[in-house]
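Chains as they are written, first to last, in the numbering used here: chain U, 479 to 1187; chain W, 370 to 498.
Hints may contain errors.
Reference excerpt, derived from the structure (chain W facing chain U, CB under 10 Å, subset only) [unchecked claim]: (1) Glu-378; (2) Glu-443; (3) Leu-445; (4) Pro-448; (5) Leu-450; (6) Ala-460; (7) Ala-461; (8) Ala-462; (9) Ala-473; (10) Val-474; (11) His-476; (12) Lys-477; (13) His-480; (14) Leu-487.
Keep in mind that the hints were calculated from the coordinates and are not lab data.
Predicted model only: the values in this text are computed from it and were never measured.
Glycine included, every Cβ here is placed at the ideal spot set by N, Cα and C.
Next come the chains, spelled out residue by residue.
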Amino acid sequence: MDRVGQAEDRDMEDDTAELPALLVNQIADYAIFVIDKNGCIATWNPGAQRIKGYSAAEIIGKPYSLFFTDEDRAVGKPNAILSQARALGRYEEEGWRVRQDGTRFWASVVVTELLNRRGEFRGFAKITRDLTRRRDLEEAERVAAAERAARRQAELDEWEVRQSRNQLDLVLRSISEGVTVQSPEGKWVFANDAAARLCGFDSAEAFIGASREEVLSRFEILREDGSPFPLDELPGRLALRGGRSDAVVRFRTKLTGEERWSFVSGAPVLCRDGKIELSVSIFREFTDRRRTEQAWQFLADASVVLGASLDYQTTLKQVAELAVPTIADWSTVDVMAPDGSLQQLAVAHTDPSKRELAKEWRRRWPPQPHATLYRVIRTGMPELVPEVTDAIIEASTPDLEQRRIAFELGLRSFMVVPLSVRKEAIGTLTFLTSESGRRYGPQDLILATEIGRRASLAIENARAYTEAREAVRTRDNFLAIASHELRTPLSALSVLISSFVRAAESGRLLTLSTDVLAERLKRAERQVSQLGTLVDRLLDISHLSTQDLRLQREECDLVEIARDVVSRFEDAAADVGGRIEFKTAAPVVGWWDRSRLDQVVTNLVANAVKYGQGAAITVSVSSGSSGHVRLTVRDEGPGIPLEHQERIFEQFERATTAESLPGMGLGLWLVRRIVTAHGGVVSLESVLGKGTAFSVVLPVSAQALQGDS
Amino acid sequence: MKGAATPQEYILVVEDDKDLRATLCDALDLEGYVAICVENGEAALRHLASGARPCVILLDLMMPVMDGWTFRQEILKDPSLASIPVIVMSAAAPARVAAARAHAVLHKPLHMARVVGLVQKHCPDGASA
């Protein structure tokens, strides 16, 4: 055992001395070598050869700076490292080193100062390890981490972009402004629904899907003043050439004529390199505001027109004209005729042929009692039909031809407002739309009602003015005629009394006989009674001018009435050299107001006597057909000129010139009032130089006209 | 009527209202004047055509057949009649009365003191009888 143990020990002793050299010479993972005091390689081991590529023969004696990169050498790093190691005894770093073949590797380097036993400096030990692989792994790991981070960021970014794009999309879709985006080729790449609607499409998809030509063919593009807007000058197109601009643009849909007003802004979208990528157009529609402005302008204009004239028919026509095309495509004015039917006073439309079509329509199919117009008249309430549907048209046009024209007129929406005077409807004002595609709403109805109210006020004012003027004229005439009529009998009375007073004072009164006195006083009595009658007549007429005539009907004979009157006028006729012939057969009995009919015959006969200038007068009464009777008073006087024939039935009108003839000028007016109240008709036939015949036709019974009386 | 007046000393009354005409003539008679009364301008012209010359004419304006204005124009055209004084009796407006170019105007209703006062100027002898 010992021997073996000794031998082993001896081996061990040998080996122990060699061990450091063995270590150095056999380690392949580390380059272990010595650098002499001058910085040159002094020893070399297999690890160094493996890592750096040089064999011992190739490298020993060469400067260790060979292992450094050019950059490190340039900055003096090899010496700096040795100086550090010398100063501190040790230097350690990781850094790039160069192999024999010029490739680089990542090295872990430890340089240690070598001192002998005496402590004298002998050089440096250098241990280098190739960490390129580790470094590569680290680097790969770092890159992988960075990539992961970048990918995560990219995902995050994409999500954010998607999110914000969705939000932007949502915003653009929900704003009321229209937004379109065009590519440099002028193709729409984005549009929101508002823009699509403005261009007459139902949805943004439909708009984007349509070709440019299709879009542009749908409407006319106009400037604010109505002139065509050149496409290249639209803000969106200008933006494609780099300009920002704003413009008022009117889009008129060709199919319907509907017009929309927009304030359009265009701006370019630039890429990073400054090239124009897109152009954005924003449309702010202000059609409603524009209409409101126009409406108020119309109201102001209409008010001026309404205040300018007292002729309300002309005024209403002007209002109808003014409404077109500002607030309506059509407007009509209807007024109530005395028979309660509505007569079209005016139709306004920009196109005269359409105006004629509307008149024709009205002539062929007058509105029925259940129609809107009559309902507005009955209720006094304005009506609005925002949307004229096919069903509405079909329901209101039983006649197929009528229906066809109704569709042709293309009504879209309408409003009817009443025209009323003193709370009584006298007509209607109608505003309609067709071509413009406009639909009226409650705001429009408020405006229309206000126009109706102002028009009504203007009519009322005009009427009040005319009536007041007429009343003043009537009163003046009445006073003039009344005073003249009263003065004549008053004069006779005054002359008689003043004459008697003078005669009494001078003692001459007693020279008159009792008979003469009695005769003159009787004449005075007649004057007084005549004055009384005159005052009654004046009061009667004054009363009838303002109030209805109330008839006191009874059974009476017109022949008898006429005969009485004729006998009363025989003397007067004889005075002017004429005579009255009375022609009748049997009694003509009817249900009339006796005293009023007496007035009728009296006035007609008195006129014949007065104006007949002594010519023959014929009075005849006859039973006519269908329950009517006719009274005719004919004279052979000078006749009445045609231009006076209607006028003479008016109050205070006489056919004769000036005031050469006394008379109230009320006779024929009263005749007509009385005859009309009886449901009859008075007419005249006159030939200049041949004479005049007045005819009164009366219904025999009141039953025939129960409704009127 | 008083037949004592000379033919030159009479008054011509032209008035269409029968009662006023008669009353006026009676009253003038009572004042001692001779009055001839006619009912319109035409009758008055016929009367004058006979060569008679009244000292004054009392003329109504509004009359049928021939009114006072026409009558006045007619006599102004005839030199032998133009100088006869004319007193207009009227209730018409002043401007229209002026158109008759009368020597004096009597406004209706008439009063005899005023009538006699004016007539006296032109017929000094009429009421003497």
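Worksheet item: Of the numbered hints stated previously, which ones are contradicted by the structure, given in increasing order?
Response: 1, 2, 3, 4, 5, 9, 10, 14
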